[in-house]
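The listed protein sequences derive, respectively, from chains B and D.
Per UniProt numbering, residue 1 is the first one in the first sequence, and the count goes up by one each step.
Per UniProt numbering, residue 1 is the first one in the second sequence, and the count goes up by one each step.
Simulated from the structure, these hints should not be mistaken for lab results.
Don't take every hint at face value.
[Said to hold, decoys possible] Simulated crosslink set (DSSO-like; lysine-lysine; CA at most 30 Å straight-line):
hint : chain 1 : residue 1 : chain 2 : residue 2
1    : B       : K71       : B       : K22
2    : D       : K72       : D       : K49
3    : B       : K22       : D       : K128
4    : D       : K128      : B       : K71
5    : B       : K9        : B       : K71
6    : D       : K128      : B       : K9
7    : D       : K72       : B       : K10
8    : D       : K164      : D       : K128
9    : D       : K72       : D       : K164
10   : D       : K49       : D       : K164
11   : B       : K22       : B       : K10
12   : D       : K192      : D       : K128
13   : B       : K10       : D       : K128
[Said to hold, decoys possible] Here are the computed distance ranges between Cβ atoms for each label pair:
hint : chain 1 : residue 1 : chain 2 : residue 2 : range
14   : B       : D32       : D       : Q168      : 22 to 32 Å
15   : D       : M97       : B       : L38       : 23 to 33 Å
16   : B       : G34       : D       : R120      : 21 to 31 Å
17   : D       : P147      : B       : D32       : 15 to 25 Å
18   : B       : A26       : D       : M244      : 55 to 65 Å
19   : B       : L38       : D       : R92       : 52 to 62 Å
20   : D       : G51       : B       : R7        : 25 to 35 Å
21   : B       : G17       : D       : N60       : 38 to 48 Å
22   : D       : K72       : B       : G17       : 27 to 37 Å
23   : D       : D3        : B       : E14       : 53 to 63 Å
24   : B       : G34       : D       : V245      : 33 to 43 Å
25   : D       : S100      : B       : A26       : 56 to 66 Å
26   : D       : V245      : B       : S37       : 56 to 66 Å
Yeah, the Cβ is synthetic: ideal placement off N, Cα and C, and Gly gets one too.
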Amino acid sequence: MSDIAERVKKIVVEHLGVEEDKVTEAASFIDDLGADSLDTVELVMAFEEEFGIEIPDDAAETIQTFGDAVKFITEAA
Amino acid sequence: MFDLTGKTALVTGASGGIGGAIAEALHAAGATVALSGTRAAPLQELAEKLGDRAHVLTANLGEAASVEELPKRAVEAMGGLDILVNNAGITRDQLFMRMSDDDWAQVLEVNLTSAFRLCRGVMRPMMKARWGRIVNITSIVGTTGNPGQGNYCAAKAGLTGMSKALAQEVAGRGITVNCVAPGFIATPMTDKLNDDQKGRILGAIPAGRMGTPEEIAAAVLYLASPEAGYVTGTTLHVNGGMDMV
Numbered sequence: 001m002s003d004i005a006e007r008v009k010k011i012v013v014e015h016l017g018v019e020e021d022k023v024t025e026a027a028s029f030i031d032d033l034g035a036d037s038l039d040t041v042e043l044v045m046a047f048e049e050e051f052g053i054e055i056p057d058d059a060a061e062t063i064q065t066f067g068d069a070v071k072f073i074t075e076a077a
Numbered sequence: 001m002f003d004l005t006g007k008t009a010l011v012t013g014a015s016g017g018i019g020g021a022i023a024e025a026l027h028a029a030g031a032t033v034a035l036s037g038t039r040a041a042p043l044q045e046l047a048e049k050l051g052d053r054a055h056v057l058t059a060n061l062g063e064a065a066s067v068e069e070l071p072k073r074a075v076e077a078m079g080g081l082d083i084l085v086n087n088a089g090i091t092r093d094q095l096f097m098r099m100s101d102d103d104w105a106q107v108l109e110v111n112l113t114s115a116f117r118l119c120r121g122v123m124r125p126m127m128k129a130r131w132g133r134i135v136n137i138t139s140i141v142g143t144t145g146n147p148g149q150g151n152y153c154a155a156k157a158g159l160t161g162m163s164k165a166l167a168q169e170v171a172g173r174g175i176t177v178n179c180v181a182p183g184f185i186a187t188p189m190t191d192k193l194n195d196d197q198k199g200r201i202l203g204a205i206p207a208g209r210m211g212t213p214e215e216i217a218a219a220v221l222y223l224a225s226p227e228a229g230y231v232t233g234t235t236l237h238v239n240g241g242m243d244m245v
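Sequences and hints are given; from them, build the entire structure.
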């Protein structure tokens, strides 16, 4: 797993309080990891801070799964 | 009770009668306060009176950019932002038939839209801290209506609805959003009323007198306190019994 993926996973685990092995490539934040809509906003804020990037709202909406987040951040960072 | 030591608070309209009293009450409870308003001189005067833990942040709430910057400046000045009191308000009274678009727009911009922008702006630090208090100062007329204040009543009623929506969104994050609705309070704003108007108003107040800014500030202090953590989305009416809702 890439360094970025590790850091993203750490944020997700800490924020949503889920087991690390639940955070798979296809895991949906809302459907699989128990996030509510406000959690997803907070995750995006945490990603922005951790990686020093800006994630515009329309892009944030496309980030549904752990894999989506890693892909977006890898391309943006 | 109501100890705000270590907390940071931004109060808009702090150069006014009620805003100044609110800032003083929060400060007296131990909070660091950022005093915001359009006029620097009265804010500076209040800051000097308060001494330590008081910062002056002038801002024009009629300008979007100035509003957007304000929470950031408050965080920079105080190192955090735990409490937001949206108190700033203007009136452009006019009978409905004569009310201009500009009278309407200015009152909505300052009294409602700036409060929206400030609430949005403080979400980030409050969500992170998992603690926050927002107190929006509305008005009795937002509930009762008042001739000549169609714009002001709309803005205040709007603020109440907005507060309830936001309260639901962020309740799970330890952030409360409430309103304090003053009745008729002795301030420069109510000084503008003529004797006839004042006479009629006093006749309608069971307590038989106007309220004081300190009585509003006490309500704000309660809602800003850790003790009020289970109170959200509500309005505390402070009106001498004038309207019992």
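Out of the numbered hints, which ones does the structure contradict? Numbers 10, 12, 15, 17, 19, 20, 23 and 26 - these are the hints that the structure violates, sorted from lowest upward.
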